[in-house]
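In order, the protein sequences belong to chains Y and V.
Offset between the first sequence (1-based) and this note's numbering: plus 2.
Offset between the second sequence (1-based) and this note's numbering: plus 14.
Since the hints were made in silico from the structure, they are not lab data.
Just so we're clear, the structure is a prediction, and the values are computed from it rather than from any experiment.
Glycine included, every Cβ here is placed at the ideal spot set by N, Cα and C.
Errors might be hidden in some of the hints.
[Said to hold, decoys possible] Sample of chain V residues with no beta-carbon within 12 Å of chain Y, all distances over it, derived:
(1) 29
(2) 40
(3) 52
(4) 81
(5) 91
(6) 106
[What the hints assert, rightly or not] Pair by pair, the computed Cβ-Cβ distance ranges are:
(7) V:96 to Y:81: 43 to 51 Å
(8) V:68 to Y:82: 32 to 40 Å
(9) V:98 to Y:3: 19 to 27 Å
Next come the chains, spelled out residue by residue.
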Amino acid sequence: AQSVTQPDIHITVSEGASLELRCNYSYGATPYLFWYVQSPGQGLQLLLKYFSGDTLVQGIKGFEAEFKRSQSSFNLRKPSVHWSDAAEYFCAANGGATNKLIFGTGTLLAVQP
Amino acid sequence: NAGVTQTPKFRVLKTGQSMTLLCAQDMNHEYMYWYRQDPGMGLRLIHYSVGEGTTAKGEVPDGYNVSRLKKQNFLLGLESAAPSQTSVYFCASSYKGGPHEQYFGPGTRLTVT
C-alpha cells in the first residue's frame, strides 16, 4: 500500500542549529512529493515540492529538501533554525493517477532559545 | 483574494445531530478536498471532487456526505454525528490533481459530545 512515513514525532533544536526532518515514502513509482508546515491553530502552508529533475529543491523560509530515489526519502533541511520555525511539519505524496495526497503523521518541531 | 475559507470555525454537536461544513474557494480551482486531522494520524482524505457536480470517496468516507453543486463550493455533511467524528476538518483546493499544490483553509474544529 502507498504510504508516507515520518519517523520522528517530536524534535527539539536550539535556535541557530541546523535541522533535518526525515520522510520516507512507499510507492510503486516515484510520486510527487511535498512538505507542508502547520503553525498552531492554522491551516497548512506549502514549503516546497518535488516533481522531477534536480533532486535538491529550494522552498520558502530558507528550507530545502533532497530527493533520494535509492533511499525512497525526501528529507527537509534548514541550515539555521529560527524561533518562528516552531510548528508541525508534514511530508506528503501524490501518486499522480489518483489525485489523492497521502500525508505522513507529522513531526512537531520545538525551538529552544 | 481570500483563497480557501471554511465556515464555521468551531462547532459543538451532540451525538445524533447533523450539520454541514462549508468550504469556498475563489481561485477557480477544479479540484476540492475534505480532510480530517487527528492527533498522531496526520491528515486523512474524507472525500474529494474533480469538478462541479462530481464527488469521490477518499480514505475515510464513512459517516460523511459531500456535494459540489457550484465550482467554488464544497459542502461536507454529517447526518448523524458520533463522538468518533470529533476532529479538525480541513478543506483544500487545487487547480488540477497530481503535481498541483493543494491550498488549505484554516480548519473547523468540531466536537461531538
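We went through each hint and held it up to the structure:
1. Against the 12 Å criterion, residue 29 (chain V) stays outside the reach of chain Y, whose nearest CB is about 26 Å from its own CB.
2. The beta carbon of residue 40 (chain V) is kept farther than 12 Å from every beta carbon of chain Y, the shortest such distance being approximately 15 Å.
3. With a cut of 12 Å on Cβ distances, residue 52 (chain V) falls inside the contact zone with chain Y, its closest approach being about 10 Å.
4. Listed as a non-interface residue, residue 81 (chain V) keeps its Cβ farther than 12 Å from every Cβ of chain Y; the least gap is roughly 18 Å.
5. Distance check on residue 91 (chain V): its Cβ is at least 21 Å (rounded) from any Cβ of chain Y, clearing the 12 Å threshold; non-interface status holds.
6. Under the 12 Å C-beta cut-off, the non-interface status given to residue 106 (chain V) relative to chain Y is violated; the minimum distance is some 8 Å.
7. Range check, residue 96 (chain V) to residue 81 (chain Y): Cβ separation about 46 Å, and the 43 to 51 Å hint holds.
8. For residue 68 (chain V) paired with residue 82 (chain Y), a C-beta distance near 46 Å fails the hint of 32 to 40 Å.
9. Taking 19 to 27 Å as the suggested C-beta distance range, the pair residue 98 (chain V) and residue 3 (chain Y) conforms, at roughly 22 Å.
When the structure is compared with the earlier hints, violations turn up for hints 3, 6, 8 and for no others.
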